[in-house]
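Number of protein chains: 2
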Amino acid sequence: MLNHIEKGECVRTPKVLSIQSHVVHGYVGNKAATFPLQYKGWDVDVLNTVQLSNHPGYGKFTGHKAKASDVYDILKKGLLGDLNMTYDAILTGYIPCTDTLKLLSQTLGDACKKDHRLKWIVDPVLGDNGKLYVSDKNVPVYKCILRENRLFMVTPNQFEMETLTGMGITSLESLRQGFIKFHNLYPLVERVVITSMEITISDDNTDYLVCACCDFVAKPDAVHYFKVPKLNAHFSGSGDLFTALLLDCLLHPTAKQPLDLSHTVSAVLSLVDDILLRTMDLTLSKGDFLTNKPSVINDLKLVNCLDLLAQPPGSHTTTRFRPTSIELFR
Amino acid sequence: MLNHIEKGECVRTPKVLSIQSHVVHGYVGNKAATFPLQYKGWDVDVLNTVQLSNHPGYGKFTGHKAKASDVYDILKKGLLGDLNMTYDAILTGYIPCTDTLKLLSQTLGDACKKDHRLKWIVDPVLGDNGKLYVSDKNVPVYKCILRENRLFMVTPNQFEMETLTGMGITSLESLRQGFIKFHNLYPLVERVVITSMEITISDDNTDYLVCACCDFVAKPDAVHYFKVPKLNAHFSGSGDLFTALLLDCLLHPTAKQPLDLSHTVSAVLSLVDDILLRTMDLTLSKGDFLTNKPSVINDLKLVNCLDLLAQPPGSHTTTRFRPTSIELFR
Chain A
8 MLNHIEKGEC VRTPKVLSIQ SHVVHGYVGN KAATFPLQYK GWDVDVLNTV
58 QLSNHPGYGK FTGHKAKASD VYDILKKGLL GDLNMTYDAI LTGYIPCTDT
108 LKLLSQTLGD ACKKDHRLKW IVDPVLGDNG KLYVSDKNVP VYKCILRENR
158 LFMVTPNQFE METLTGMGIT SLESLRQGFI KFHNLYPLVE RVVITSMEIT
208 ISDDNTDYLV CACCDFVAKP DAVHYFKVPK LNAHFSGSGD LFTALLLDCL
258 LHPTAKQPLD LSHTVSAVLS LVDDILLRTM DLTLSKGDFL TNKPSVINDL
308 KLVNCLDLLA QPPGSHTTTR FRPTSIELFR
Chain B
8 MLNHIEKGEC VRTPKVLSIQ SHVVHGYVGN KAATFPLQYK GWDVDVLNTV
58 QLSNHPGYGK FTGHKAKASD VYDILKKGLL GDLNMTYDAI LTGYIPCTDT
108 LKLLSQTLGD ACKKDHRLKW IVDPVLGDNG KLYVSDKNVP VYKCILRENR
158 LFMVTPNQFE METLTGMGIT SLESLRQGFI KFHNLYPLVE RVVITSMEIT
208 ISDDNTDYLV CACCDFVAKP DAVHYFKVPK LNAHFSGSGD LFTALLLDCL
258 LHPTAKQPLD LSHTVSAVLS LVDDILLRTM DLTLSKGDFL TNKPSVINDL
308 KLVNCLDLLA QPPGSHTTTR FRPTSIELFR
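First to last, the protein sequences are chains A and B.
Sequential numbering of the first sequence, starting at 8, is according to the numbering used here.
Sequential numbering of the second sequence, starting at 8, is according to the numbering used here.
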């Protein structure tokens, strides 16, 4: 897969435009997405909405937002204008400035309408753990983006799914209702993956996170969910990494057709889990492992995970997470 | 080399801070340096001095410079302050804003004085082919940086070497004089690599570029130079790639000690040449190869060169460029 030329294969190089945050130090946003995608053979155009010294999880950070007009000019005049770029995929993540979000989404929507092969993946970054970490003015903008554009995939976390649907998700039944409501509100969205949720499925064990997905195009009648054992640590950037790897597995020219979303989510969950375990191994001392208190791990150890990332897309060897399906309409 | 953990080896992850330009599309500046360094196992902190849609060689571009105070805050308050980062190496390249250059160089100089293991590599980006492409006010700032700091390596091109020494370089004799003058002006600079020159060495053949280096610490009496056959194309970013790979080969924890600068330059020239040839193969049509007119190749095909980059540092298999030495003082 990685040495097409050496092996005499001829796979074209796919192109993605990734619009996210930039941190000088560490691996969140574009820093979490770019290296794995490049390593997987993607030509990544990297548009940064902010430049920060590090992610805010450190407690302190310095940095600056790019001006809305500057980011817009780069996209509209530069990439889509003068360079006349065509992409296989667009990935949008952290865009904190409401004006930037409005300008970009209008332009990206137009680009998708003009080029039906272009797949837009939206990570509707609004907040986490019950709190917004962008302006509340971004919420209606995202609702508008989801309503008006044929989006290949949207990847909210639990809080973002709740915010976008206006309903709480606490159980499998409310999860089912949430997907139905989401689809009613945003019928043009083709796939949804809720990246991590804390919901109660059965009483015997609560040490897991739940990931759930629905492919409204191929399998509109079923939601698949996964119970992912919790690691005793808090990570930053794992969601950004997950979405980038999902993009690779679903949209790389070598991806198996037809797409099987739940199979792909399962493979990517396994890969990300391996990367998080490797990161824990390289970050924590023996003492850290012995304590019950969850460790805070600031930086993914992506450059130490080449062997894990080297698996061909979609065929991660140790796919440990089996999907369970629930019928959406019954 | 790439899978330390899998092989049970335990090599620490080296850290570099790279301060250069950022282009959304293409591979120059930090986009040319970051992926190869990460792939080689470096944890790269990426501080961007500008964000441009693409490099200016395209003819048109859009984008913006980061404010001097913003870049300074990220470095001084963020990375070196709150995060208390220690690096193995610092790589500085395109810093067009004179105020930014002044603020950064003061801070980086102080950091090097405080931590003697820290190696600063300066690519004194001023211009090329006889023309400045930054403000002429940056020239005295670079002269000051080179005079006042113990720099591990400086990597000027021909024009920059001429600008920094105030003398033309047109022959082997003026090259020799240039190195002597450079060392007299900037005795704290430990190594110089002139990345590409058009000078006449003998009359029979002019289809080569000359690269020259001197290690003023280990071999202060000799300059080594290399005749590198010209490719029939103009590339952007090849110098930035060269400097980043040189950094890896010289400063990676697995690099052989003692360092042999001319051997390392030879290996990196071969590797970059292979990457340029691969880039030509992937960019040009058969018709392009048949014409005599040099092709303009805008973007290095870095993500298609994993097999070439995978060689262990310093031991590139096809080291085609043999150094010739000239005595510096005779």
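The hints are simulated quantities; they were obtained by calculation from the structure and are not laboratory data.
Errors might be hidden in some of the hints.
The list makes no distinction among identical chains, and a pair is therefore deemed to hold if it is satisfied within one copy or across any two copies.
Straight-line alpha carbon distances no greater than 27 Å define the calculated BS3-like cross-link-like pairs of lysine-lysine that follow [to be verified]: (1) Lys83 with Lys109; (2) Lys109 with Lys237; (3) Lys234 with Lys138; (4) Lys263 with Lys83; (5) Lys188 with Lys263; (6) Lys300 with Lys121; (7) Lys67 with Lys22; (8) Lys84 with Lys67; (9) Lys237 with Lys121; (10) Lys84 with Lys293; (11) Lys144 with Lys308; (12) Lys74 with Lys300; (13) Lys83 with Lys22; (14) Lys293 with Lys22; (15) Lys72 with Lys234; (16) Lys263 with Lys150; (17) Lys74 with Lys150; (18) Lys74 with Lys263; (19) Lys22 with Lys308; (20) Lys234 with Lys120; (21) Lys300 with Lys83; (22) Lys144 with Lys226; (23) Lys72 with Lys226; (24) Lys74 with Lys109; (25) Lys84 with Lys308; (26) Lys293 with Lys263; (27) Lys84 with Lys74; (28) Lys263 with Lys237; (29) Lys121 with Lys138; (30) Lys121 with Lys263.
Results for each hint:
1. Taking the closest pair of Cα atoms, Lys83 and Lys109 come within 27 Å of each other only inside a single copy of the chain (13 Å); across copies the shortest separation is 33 Å, beyond that limit.
2. Neither within a single protomer nor between protomers do Lys109 and Lys237 lie at most 27 Å apart by alpha-carbon distance, with minima of 36 Å and 48 Å respectively.
3. For the homomeric pair Lys234 and Lys138, the shortest alpha-carbon distance inside one copy (24 Å) is at most 27 Å, but the shortest distance between copies (61 Å) is not.
4. Proximity of Lys263 and Lys83 under a CA criterion of 27 Å is satisfied in neither setting, with 33 Å inside one chain copy and 48 Å between copies.
5. Proximity of Lys188 to Lys263 under the C-alpha cut-off of 27 Å is found in neither arrangement, the shortest distances being 30 Å within a copy and 62 Å between copies.
6. Taking the closest pair of Cα atoms, Lys300 and Lys121 never come within 27 Å of each other, the shortest separation being 51 Å inside a single copy and 36 Å across copies.
7. For the homomeric pair Lys67 and Lys22, the shortest alpha-carbon distance between copies (21 Å) is at most 27 Å, but the shortest distance inside one copy (34 Å) is not.
8. Taking CA atoms no more than 27 Å apart as the test, Lys84 paired with Lys67 passes between copies only; the shortest distance there is 10 Å, against 35 Å inside one copy.
9. Taking the shortest alpha-carbon separations for Lys237 and Lys121, neither the intra-copy value of 43 Å nor the inter-copy value of 42 Å comes in at or below 27 Å.
10. When the C-alpha separation of Lys84 and Lys293 is checked against a cutoff of 27 Å, the pair qualifies neither within a copy, at 53 Å, nor between copies, at 32 Å.
11. Proximity of Lys144 and Lys308 under a CA criterion of 27 Å is satisfied in neither setting, with 34 Å inside one chain copy and 40 Å between copies.
12. Taking the shortest Cα distances, Lys74 and Lys300 never come within 27 Å of each other, neither inside one copy (41 Å) nor across copies (41 Å).
13. Taking the shortest alpha-carbon separations for Lys83 and Lys22, only the intra-copy value of 17 Å comes in at or below 27 Å, while the best inter-copy value is 36 Å.
14. Taking the shortest alpha-carbon separations for Lys293 and Lys22, only the inter-copy value of 24 Å comes in at or below 27 Å, while the best intra-copy value is 42 Å.
15. In this assembly of identical chains, the alpha carbons of Lys72 and Lys234 never lie at most 27 Å apart, being 37 Å within a copy and 46 Å across copies at closest.
16. In this homomeric assembly, Lys263 and Lys150 never come within 27 Å of each other (Cα to Cα): the closest approach is 32 Å inside a single copy and 57 Å across copies.
17. Proximity of Lys74 and Lys150 under a CA criterion of 27 Å is satisfied intra-copy only: 23 Å inside one chain copy versus 34 Å between copies.
18. In the homo-oligomer, the alpha carbons of Lys74 and Lys263 never lie at most 27 Å apart, since the shortest distance is 40 Å inside one protomer and 46 Å across protomers.
19. Taking the shortest Cα distances, Lys22 and Lys308 sit within 27 Å of each other both inside one copy (25 Å) and across copies (12 Å).
20. Proximity of Lys234 to Lys120 under the C-alpha cut-off of 27 Å is found in neither arrangement, the shortest distances being 37 Å within a copy and 52 Å between copies.
21. Taking CA atoms no more than 27 Å apart as the test, Lys300 paired with Lys83 passes in neither setting, with 48 Å inside one copy and 33 Å between copies.
22. In the homo-oligomer, the alpha carbons of Lys144 and Lys226 never lie at most 27 Å apart, since the shortest distance is 33 Å inside one protomer and 63 Å across protomers.
23. With identical chains, the CA atoms of Lys72 and Lys226 are never at most 27 Å apart, being 40 Å at best within one copy and 47 Å at best between copies.
24. With identical chains, the CA atoms of Lys74 and Lys109 are at most 27 Å apart both within one copy (13 Å) and between copies (24 Å).
25. In this assembly of identical chains, the alpha carbons of Lys84 and Lys308 lie at most 27 Å apart only when taken from different copies (24 Å versus 36 Å within one copy).
26. In this assembly of identical chains, the alpha carbons of Lys293 and Lys263 never lie at most 27 Å apart, being 41 Å within a copy and 32 Å across copies at closest.
27. Taking the shortest Cα distances, Lys84 and Lys74 sit within 27 Å of each other both inside one copy (15 Å) and across copies (22 Å).
28. Within a single copy, Lys263 and Lys237 get their C-alpha atoms no closer than 30 Å, and across copies no closer than 42 Å, so neither meets the 27 Å cut-off.
29. When the C-alpha separation of Lys121 and Lys138 is checked against a cutoff of 27 Å, the pair qualifies neither within a copy, at 36 Å, nor between copies, at 42 Å.
30. For the homomeric pair Lys121 and Lys263, the shortest alpha-carbon distance inside one copy (26 Å) is at most 27 Å, but the shortest distance between copies (54 Å) is not.
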